[in-house]
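Q: Here are the chains, one letter per residue:
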Amino acid sequence: MNGGNSMDGHKGVLVCGEIAEGGLAPVTIELLGLGRKLADELGEDLSALLMGSQTSGLAKEAIACGADKVYVAEDSLLDEYNSDAYTQVAADLCREALPSIILLGHTDNGCDLAPRLNGRLGGGLAMDCLALSVDAATKSLVSTRPVFGGNAHAEMVSKSVRPQMATIRPKTVSPAERNESRQGEVVPVEGKIDPSALKVKVVERVKEEEEGVKLEDAEVVVSGGRGIGSAENFEMLRELAHVLGGAVGATRPACDEGWAPMTLQVGQTGKVVSPKLYIAVALSGAIQHIAGCLGSKYIVAINNDKEANIFNVAHFGIVADHKEVLPALTTKFKELLSA
Amino acid sequence: MHTIVCVKQVLDPEIPPAKFKIDPEAKKVVPPPGVPPVISLFDERAVEAACRLKDKHGGKITVISMGPGKAADVVKHAVSMGADEGFVLQDEAFESLDSFGTAHVLGKAIQKIGEYDLVLCGRQSADWGNGQVGSILAEILGIPVVTLAGDVEVVDEKLRVKRMVKDGYEVLEAPMPSLVTVSNEIGLPRLPAGMRIMIAARKQIPVWTAQDIGAESSQLDKANAHSEVTGLSVPTRKTECEIITADTPSEAAVNLALKLVKIIE
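Those sequence lines, one after another, are chains R and D. Okay, so the first sequence: first residue is 157 according to the working numbering, each after it adds one. Okay, so the second sequence: first residue is 882 according to the working numbering, each after it adds one.
Hints are supplied without guarantee of correctness; some may be wrong.
[Stated by the list, open to error] Pairs of lysine-lysine, BS3-like flavour, derived with a Cα cap of 25 Å:
#: 1; chain 1: R; residue 1: 462; chain 2: D; residue 2: 941
#: 2; chain 1: R; residue 1: 315; chain 2: D; residue 2: 1047
#: 3; chain 1: D; residue 1: 1047; chain 2: D; residue 2: 941
#: 4; chain 1: D; residue 1: 941; chain 2: R; residue 2: 327
#: 5; chain 1: D; residue 1: 1143; chain 2: R; residue 2: 315
#: 6; chain 1: R; residue 1: 295; chain 2: D; residue 2: 1103
#: 7; chain 1: D; residue 1: 1047; chain 2: R; residue 2: 363
#: 8; chain 1: R; residue 1: 315; chain 2: D; residue 2: 1103
#: 9; chain 1: R; residue 1: 193; chain 2: R; residue 2: 327
#: 10; chain 1: D; residue 1: 1143; chain 2: R; residue 2: 327
#: 11; chain 1: R; residue 1: 453; chain 2: D; residue 2: 908
#: 12; chain 1: R; residue 1: 357; chain 2: D; residue 2: 909
#: 13; chain 1: R; residue 1: 355; chain 2: D; residue 2: 908
[Claimed, not checked] Rough simulated footprint, nothing fancy, chain D against chain R, three-plus residues with beta-carbon under 8 Å:
#: 14; segment: 168 to 177
#: 15; segment: 353 to 361
#: 16; segment: 413 to 421
#: 17; segment: 426 to 434
#: 18; segment: 452 to 458
[As the list claims (entries may be wrong)] Just a few of them, taken from the derived set where beta-carbon distance is under 7 Å, the chain R residues facing chain D:
#: 19; residue: 198
#: 20; residue: 220
#: 21; residue: 224
#: 22; residue: 307
#: 23; residue: 310
#: 24; residue: 485
Keep in mind that the hints were calculated from the coordinates and are not lab data. Don't be surprised by glycine CBs; every beta carbon is placed ideally from N, CA and C.
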């Protein structure tokens, strides 16, 4: 199993798609755009695998986004993500289709599926990639990914095994350009899922509706650190986030203190966000926190310590006590945005 | 109940950025002098999860750590939290292994340890963060895997795992033995009590080599690596921070809002 696959016969780029709210997930459209570029560079085909209970309608969308071929696996057992079932279907298909490159989104499910699939296929996998390219001489995939909490970037290559797999962080590459007139082939995936191989049962799925926008989807994030001082003081951040239609985040120390729930933790050990605007309030900018927000388009620092590391990565800053800055900032935004 | 926890010693991620240095030729990080390595954050939470199960159901916790130098220190840290036993897996042949090589070594050590009900790993390591050793290890051991756990319980001889996802969580039921990777949502690791620290300090931590665990040389051969680090660099950040000044903080806030409103609209 883990002896490593030989290079023979592997060809083409395969995107493992995700479905969200009845359509292709945004990250899948991004992967199709990236996969198209890699496939063109290699002079090979781009295919997509769609797993679900009602996926055939989405094949056309994947073709419009650049796929030459779409494998459609429809089964009621694939209705929602099930690690055992998805791994089985994807592994069976990959053993037959023998793609050279497999791309997945760096999402909860992509992070679960990719390493299991790789464990079965014996390829090489780079997780959480920021960029992919093809080495001109060897035609191997070069994956660039953050390591050591984003302090360094590593380039990874699989020299002697196939498939070459990568998970790509959402919102790091531009989405595919749609062309409704594109033609492609739709291939139903035959073969039934072996129910005895489904060892882990889903007892329930619980949606926790946060008020307002989700942290990962927010265009504006207002994050607080140890300097906020108390759970009550986080209210000030919530007001600002609310006015901006954004979400609240927090550093590890602030979550550890119980001022904000663990689910709002931004950083290496929490969530990675890449909003348009990241407002960092009363946080010093520890490496592991910065790793979670460095992809933001603009970072704003509000801190009374002008030596704080956060100013090294921020685009705008105010050196002052946040308690004197935030109320005025919220009021002014309210005025500007209602105009 | 016997739980095996895999832990890794890593460069302390809380060091100031100025202390972070790399050797681009060797493609390695140069550890800052005088800063002791620590247990990887998610691995510490995996130890915490094991301790909570032991508090409730009794049983035994065994900790293993593959790594050079003072890997015994992180095993002892786990013992101080409540683990019963630990082993260090150390051999020149284990250095710079990729995820498959690492999973092979851990798998061989686990087979040598013998019977178990649960294997816990951190969600990913705090250094290279490959995030795949746990899943490959489960494939090697031939046991089910559940990733991103925010809570692990035993109900009616089965594991009940809360798996954290973007918009909530899933409750999954897995047979024993299974492998579970632990995420930070599980909560803070316990602070070792004085007595446990003394027990840990005196604890003998045996060192197992490739030969001791029967690791296969083909699996440790770098020529067979599934993935290789071909470059390591420190990203350059060309951010120039514009400090907004004014007579008072609230005036500065107004000026800031005027600048930012153009960005968000």
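Q: Decide, hint by hint, whether the structure agrees.
A: Going down the list of hints, with the structure as the test:
no.	hint	result
1	462(R) x 941(D)	50 Å, violated
2	315(R) x 1047(D)	34 Å, violated
3	1047(D) x 941(D)	33 Å, violated
4	941(D) x 327(R)	44 Å, violated
5	1143(D) x 315(R)	47 Å, violated
6	295(R) x 1103(D)	21 Å, holds
7	1047(D) x 363(R)	9 Å, holds
8	315(R) x 1103(D)	11 Å, holds
9	193(R) x 327(R)	17 Å, holds
10	1143(D) x 327(R)	21 Å, holds
11	453(R) x 908(D)	29 Å, violated
12	357(R) x 909(D)	41 Å, violated
13	355(R) x 908(D)	40 Å, violated
14	168 to 177	violated (count 0)
15	353 to 361	holds (count 7)
16	413 to 421	holds (count 3)
17	426 to 434	holds (count 3)
18	452 to 458	holds (count 5)
19	198	19 Å, violated
20	220	26 Å, violated
21	224	27 Å, violated
22	307	5 Å, holds
23	310	5 Å, holds
24	485	4 Å, holds
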